[in-house]
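There are 2 protein chains.
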Amino acid sequence: MNRDETFSPLFTDLYELTMMLAYGENHLAAKATFSLYIRGSEWLNRGFFVAAGLEDALYGLERMRFSPTDMDYLQSLNLFPEEFIRSLSEFRFTGDVWAMPEGTICFADEPLMEVTAPIAEAQLVETFLINTLGFQTNIATKALRCMHAAKGRPLVDFSLRRAQGLDAGMQVARSAYIAGFTGTSNVLAGKKYGIPVSGTMAHSFVLALGGDVEAFQAYARSFPGNCIFLIDTHDVFEGARSAVNVALNMAKEGHLLKGVRIDSGEMVETSKMIRGILDEAGLGQVQIIATSGFDEFEIDKALSGGAAIDAFGVGTKLGVSADTPYLDMVYKLARFDDRDVRKTSPGKITLAGEKQVFRKTDRTGRYVADILGTRNETIDETEPLLIKVMENGLLILAPPALQELRERIRTGFSNLDDGYKHLDHSDKYPIRLSRRLSEIQ
Amino acid sequence: MNRDETFSPLFTDLYELTMMLAYGENHLAAKATFSLYIRGSEWLNRGFFVAAGLEDALYGLERMRFSPTDMDYLQSLNLFPEEFIRSLSEFRFTGDVWAMPEGTICFADEPLMEVTAPIAEAQLVETFLINTLGFQTNIATKALRCMHAAKGRPLVDFSLRRAQGLDAGMQVARSAYIAGFTGTSNVLAGKKYGIPVSGTMAHSFVLALGGDVEAFQAYARSFPGNCIFLIDTHDVFEGARSAVNVALNMAKEGHLLKGVRIDSGEMVETSKMIRGILDEAGLGQVQIIATSGFDEFEIDKALSGGAAIDAFGVGTKLGVSADTPYLDMVYKLARFDDRDVRKTSPGKITLAGEKQVFRKTDRTGRYVADILGTRNETIDETEPLLIKVMENGLLILAPPALQELRERIRTGFSNLDDGYKHLDHSDKYPIRLSRRLSEIQ
Numbered sequence: 001m002n003r004d005e006t007f008s009p010l011f012t013d014l015y016e017l018t019m020m021l022a023y024g025e026n027h028l029a030a031k032a033t034f035s036l037y038i039r040g041s042e043w044l045n046r047g048f049f050v051a052a053g054l055e056d057a058l059y060g061l062e063r064m065r066f067s068p069t070d071m072d073y074l075q076s077l078n079l080f081p082e083e084f085i086r087s088l089s090e091f092r093f094t095g096d097v098w099a100m101p102e103g104t105i106c107f108a109d110e111p112l113m114e115v116t117a118p119i120a121e122a123q124l125v126e127t128f129l130i131n132t133l134g135f136q137t138n139i140a141t142k143a144l145r146c147m148h149a150a151k152g153r154p155l156v157d158f159s160l161r162r163a164q165g166l167d168a169g170m171q172v173a174r175s176a177y178i179a180g181f182t183g184t185s186n187v188l189a190g191k192k193y194g195i196p197v198s199g200t201m202a203h204s205f206v207l208a209l210g211g212d213v214e215a216f217q218a219y220a221r222s223f224p225g226n227c228i229f230l231i232d233t234h235d236v237f238e239g240a241r242s243a244v245n246v247a248l249n250m251a252k253e254g255h256l257l258k259g260v261r262i263d264s265g266e267m268v269e270t271s272k273m274i275r276g277i278l279d280e281a282g283l284g285q286v287q288i289i290a291t292s293g294f295d296e297f298e299i300d301k302a303l304s305g306g307a308a309i310d311a312f313g314v315g316t317k318l319g320v321s322a323d324t325p326y327l328d329m330v331y332k333l334a335r336f337d338d339r340d341v342r343k344t345s346p347g348k349i350t351l352a353g354e355k356q357v358f359r360k361t362d363r364t365g366r367y368v369a370d371i372l373g374t375r376n377e378t379i380d381e382t383e384p385l386l387i388k389v390m391e392n393g394l395l396i397l398a399p400p401a402l403q404e405l406r407e408r409i410r411t412g413f414s415n416l417d418d419g420y421k422h423l424d425h426s427d428k429y430p431i432r433l434s435r436r437l438s439e440i441q
Numbered sequence: 001m002n003r004d005e006t007f008s009p010l011f012t013d014l015y016e017l018t019m020m021l022a023y024g025e026n027h028l029a030a031k032a033t034f035s036l037y038i039r040g041s042e043w044l045n046r047g048f049f050v051a052a053g054l055e056d057a058l059y060g061l062e063r064m065r066f067s068p069t070d071m072d073y074l075q076s077l078n079l080f081p082e083e084f085i086r087s088l089s090e091f092r093f094t095g096d097v098w099a100m101p102e103g104t105i106c107f108a109d110e111p112l113m114e115v116t117a118p119i120a121e122a123q124l125v126e127t128f129l130i131n132t133l134g135f136q137t138n139i140a141t142k143a144l145r146c147m148h149a150a151k152g153r154p155l156v157d158f159s160l161r162r163a164q165g166l167d168a169g170m171q172v173a174r175s176a177y178i179a180g181f182t183g184t185s186n187v188l189a190g191k192k193y194g195i196p197v198s199g200t201m202a203h204s205f206v207l208a209l210g211g212d213v214e215a216f217q218a219y220a221r222s223f224p225g226n227c228i229f230l231i232d233t234h235d236v237f238e239g240a241r242s243a244v245n246v247a248l249n250m251a252k253e254g255h256l257l258k259g260v261r262i263d264s265g266e267m268v269e270t271s272k273m274i275r276g277i278l279d280e281a282g283l284g285q286v287q288i289i290a291t292s293g294f295d296e297f298e299i300d301k302a303l304s305g306g307a308a309i310d311a312f313g314v315g316t317k318l319g320v321s322a323d324t325p326y327l328d329m330v331y332k333l334a335r336f337d338d339r340d341v342r343k344t345s346p347g348k349i350t351l352a353g354e355k356q357v358f359r360k361t362d363r364t365g366r367y368v369a370d371i372l373g374t375r376n377e378t379i380d381e382t383e384p385l386l387i388k389v390m391e392n393g394l395l396i397l398a399p400p401a402l403q404e405l406r407e408r409i410r411t412g413f414s415n416l417d418d419g420y421k422h423l424d425h426s427d428k429y430p431i432r433l434s435r436r437l438s439e440i441q
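Chains A and B, in that order, are what the protein sequence lines are.
Position 120, counted from 1, in the first sequence is what the numbering used here calls 120; the numbers after and before it change by one each time, with no gaps.
Position 181, counted from 1, in the second sequence is what the numbering used here calls 181; the numbers after and before it change by one each time, with no gaps.
Derived from the structure by calculation, the hints contain no laboratory data.
Repeated chains share a single entry, so a pair holds when one copy, or any two copies, can fit it.
Quick list of in silico lysine to aspartate or glutamate cross-link-like pairs, EDC-like style, CA-CA up to 16 angstroms: (1) Lys191 x Asp72; (2) Lys192 x Asp72; (3) Lys388 x Glu62; (4) Lys31 x Asp96; (5) Lys272 x Asp310; (6) Lys192 x Glu55; (7) Lys301 x Glu266; (8) Lys360 x Glu381.
Work the whole structure out from these sequences, hints included.
Laid out in C-alpha cells, this is it:
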C-alpha cells in the first residue's frame with residue numbers, strides 16, 4: 001500500500017457492508033470487540049508463529065476512506081439506501097486496537113489482535129485485517145523455519161516471480177527479511193524497505209554469451225568484485241571447472257570470485273564434488289550457493305545429507321508457503337454492548353470476552369507457557385503480549401524499523417525451546433486459560 | 001495495477017538488471033526470443049490449464065518506466081555505472097509479444113507466450129511476466145476445475161480474506177469470474193471489473209442481534225428482497241427452523257427468502273435434512289448455499305454423496321490454489337542473434353527456436369491434439385494459438401471484455417474431452433512436435 005494514499009474500504013466482502021447497514025437500521029451502534037487469531041488444527045504443521053503485518057494493517061486502518069467513486073459504485077448496486085451511502089463519506093475507523101507487536105513469537109488459538117470499535121466499523125475491517133496479518137504471519141513463520149533449518153547459513157529470498165501477485169512479492173521480501181534473511185532478489189522491495197538486494201546471472205545469460213567460460217568472463221568484466229557464477233546451464237562439473245579457470249584469471253587481477261550457484265539436480269553429492277573441485281584449485285573461499293526448490297524441509301534434507309552448501313536462495317516454496325499456503329486466521333466477535341459473546345457451533349470453539357495473552361518466562365527469559373486471561377486482570381510474573389497500538393483510530397506507536405524487528409524475532413526465537421521448533425511433529429507449546437477467562441465462557 | 005500509472009521495472013530480480021548491464025558492456029544488443037510455459041511434471045495434478053493474466057501483463061509491459069527515484073535507488077547500490085543508470089531513463093519495452101489469447105484452454109510444456117526483443121529488455125521483464133501470468137493462470141484453472149465439479153451449480157468467490165495479499169485478492173476475483181463463477185464477495189473487484197458482488201451475513205451479526213430469529217428479522221427488514229440467512233451460528237437445525245419461521249412471515253408481506261447458508265460441519269446429511277425442513281414448510285424455492293472449505297475436490301465429494309446444495313461459496317482453497325499453490329512456469333531463452341538455443345542441463349528439457357502451437361480439432365470443434373511447430377511453418381487443418389498481441393512495445397489488440405472471456409472459456413472447455421478433466425489422474429492431452437521443430441533441437 002502506498003502510504004500517501006487513502007485505502008479503499010471496498011477491499012472487503014460485501015456482507016461487511018450489508019451488515020453495516022443492518023446494524024445501523026437496527027440501532028446497533030454499541031462497541032464490539034473482535035479477536036483475531038489462528039485457529040489451531042490437527043493438520044497445521046507449525047509449532048510456532050511469527051506475528052507479522054501489523055504495520056500495513058494499522059496504516060490501512062488509518063487511511064480507510066470511501067472515495068466519491070466508491071460511493072457511486074455502491075449506489076449503482078441498488079442495494080443500499082442513499083442516506084446510508086452519503087453517511088459513508090464521513091467514515092473513519094475510530095476504534096482501539098490491541099495487538100502483539102510485529103515480530104512476536106506466538107501460537108495458534110491465542111489472539112494476535114483485538115479490535116474494539118462501534119460494531120459496524122469493527123465489522124467492516126475484518127476482511128482487510130485477516131488478509132494482511134494472515135499472509136505476512138504465514139510467510140514470516142515459514143521464513144523463520146527456513147532460518148532454523150539452515151543453522152546459521154545465509155538465506156536470500158528469490159521468490160518474486162512465483163509469488164501470488166505483485167503485492168505478495170513485496171510482502172514476502174519484507175517478511176523474510178525480518179525473519180533473518182540476509183536479503184532479497186526483489187529490487188523494488190530493496191527500494192521500498194531498504195532490504196539488501198542480491199543477484200547473479202541466469203541460464204539465458206550463459207546461453208546468450210555462447211558458453212560457460214565466455215559468460216563468466218563477461219560477467220567478471222562488468223562486476224569484478226561481485227561475481228557468483230551459475231554453473232549448471234549445461235554440465236555442472238564442467239561449469240565448476242570453467243568457474244575455476246576464470247576465477248584463477250580474476251585472481252591475477254586482484255579479484256576474488258565470491259561463489260558459484262547450482263540451480264538444479266541432486267544437491268548433496270553434487271555440492272560435495274564441486275567443493276572438491278574448488279578446494280583442489282585453492283579456491284577454498286569460493287562459496288557454493290544452491291537455489292533449486294528449497295524451503296525448510298529441503299534445506300534440512302540437504303544439510304542432514306552433508307551437502308557442502310554455504311548459502312541458499314529460497315524461492316517459490318517460501319513465497320507461497322507451499323506446504324501451508326494459508327492459515328485458518330479468523331476474526332470473531334467476543335464482546336458486544338458490554339456482553340461477552342461467542343459462537344457455539346460444534347467443532348470450532350471461540351472464546352468470549354476481551355482478552356490478554358500473558359507470557360510466563362523463566363529467569364533466563366526462556367518461554368515457559370502462555371496464559372490467556374481477561375484484558376483487565378494481572379497475572380504475576382508474566383508479560384502481557386497485547387499492546388494498545390491504536391486509540392480512537394490513531395496510531396499511538398510508531399512502527400519499528402526492520403532492523404529492530406529482525407532483532408526482536410532473533411531474540412524471541414532464541415527464548416523458545418527447540419522442542420517447539422521441529423519442522424514436523426513439533427511439541428505443543430502450553431497455553432492455558434486463566435480462571436477469570438474460564439469463568440466467562 | 002492502476003492503468004493510469006507507470007509500472008516500475010524494479011519489480012524484478014536484481015540479476016535481470018546486472019545481466020542488462022553485462023549484455024550492454026559485452027555489446028550484446030541483438031534480439032532474443034524467450035518462451036514462457038508451464039513445466040509439466042509428475043506431481044502436477046492438472047489435465048488442462050486456462051491461460052490468464054495477459055491483459056495485466058501487456059499493460060505492465062506498455063507502462064514500464066524507470067522513475068527518477070528508481071534510478072536514484074539503483075545509484076545508491078554502487079553496483080552500476082552512472083552511464084548505465086542514466087540510460088535507463090530512456091527505457092521502454094520495444095519488443096514483440098506472441099501469446100495465447102486470455103481464456104485459451106492450454107496444456108503444460110507448450111508456450112503460452114513468446115517475447116522477442118533486444119535481449120536486455122526481454123530479460124528484464126521475465127520476473128513480472130511469470131508472476132502475472134503464472135498466478136492468474138493457476139487460479140483461473142483451479143476455478144474452472146471447481147466449475148466442472150459443481151456440474152452447473154452457481155459458484156461465488158469468497159476468498160478475499162485468505163488471498164496472499166491485496167493484489168492477489170483482486171486477481172482471484174477476476175480469474176474466477178472469467179472461469180464462470182457468478183460473482184464475488186470482493187466489493188473492490190466488483191467496482192474495478194464490473195463483477196457481480198454478493199454477500200449475506202456473518203456469525204457476528206447473529207451474535208450481536210442476540211439470536212437467529214432476531215438476526216434474520218433484522219436482516220429481512222433491511223434487505224427484504226435479498227435475504228440469505230446464515231443458520232449455523234449455534235445449532236444448524238434450529239437455525240433452519242428459525243429461518244422457516246421468518247420466511248413464512250416475510251411471505252405474508254410478499255417477500256421470498258432466497259436461501260440459507262451453512263458454513264461449517266458435515267455437509268451431506270446436514271444439507272439433506274435442511275432441505276427436508278424447508279420443503280416440509282413449503283419453501284421449496286429456498287436455496288441451500290454451502291461455504292465451508294470448498295474447492296473442486298470438496299464440491300465433488302459433497303455432490304457425489306448426494307448433498308442437497310444448490311450453490312457454493314468457494315473461498316480459501318481457491319484463493320491460494322491450495323493443492324497446487326504455484327505453477328512451475330518458466331521463461332527460457334529459445335533464440336538469440338538468429339541462433340536457436342536451449343539449456344541442456346539434465347531433467348529439464350527446453351525447446352529451441354521460435355514456436356507456434358497448432359491445435360488440431362475435429363469437425364465438431366473437439367480438441368484432438370496440439371502440435372508444437374516452428375513459428376513460420378503452416379500445418380494443415382490446425383489453428384495456430386499464439387497470436388501477435390504486441391508489436392514494438394505497443395498493444396495491437398484491445399483486451400477483450402470479461403464477458404467475452406467467460407464465453408471463450410466456456411466454449412473452449414466444452415471442446416475438451418472429459419478424460420482430460422478428471423480432478424485426479426487426468427488423461428494426458430496429446431502434444432507432439434512438428435518435424436521442423438524436432439529438426440532444430
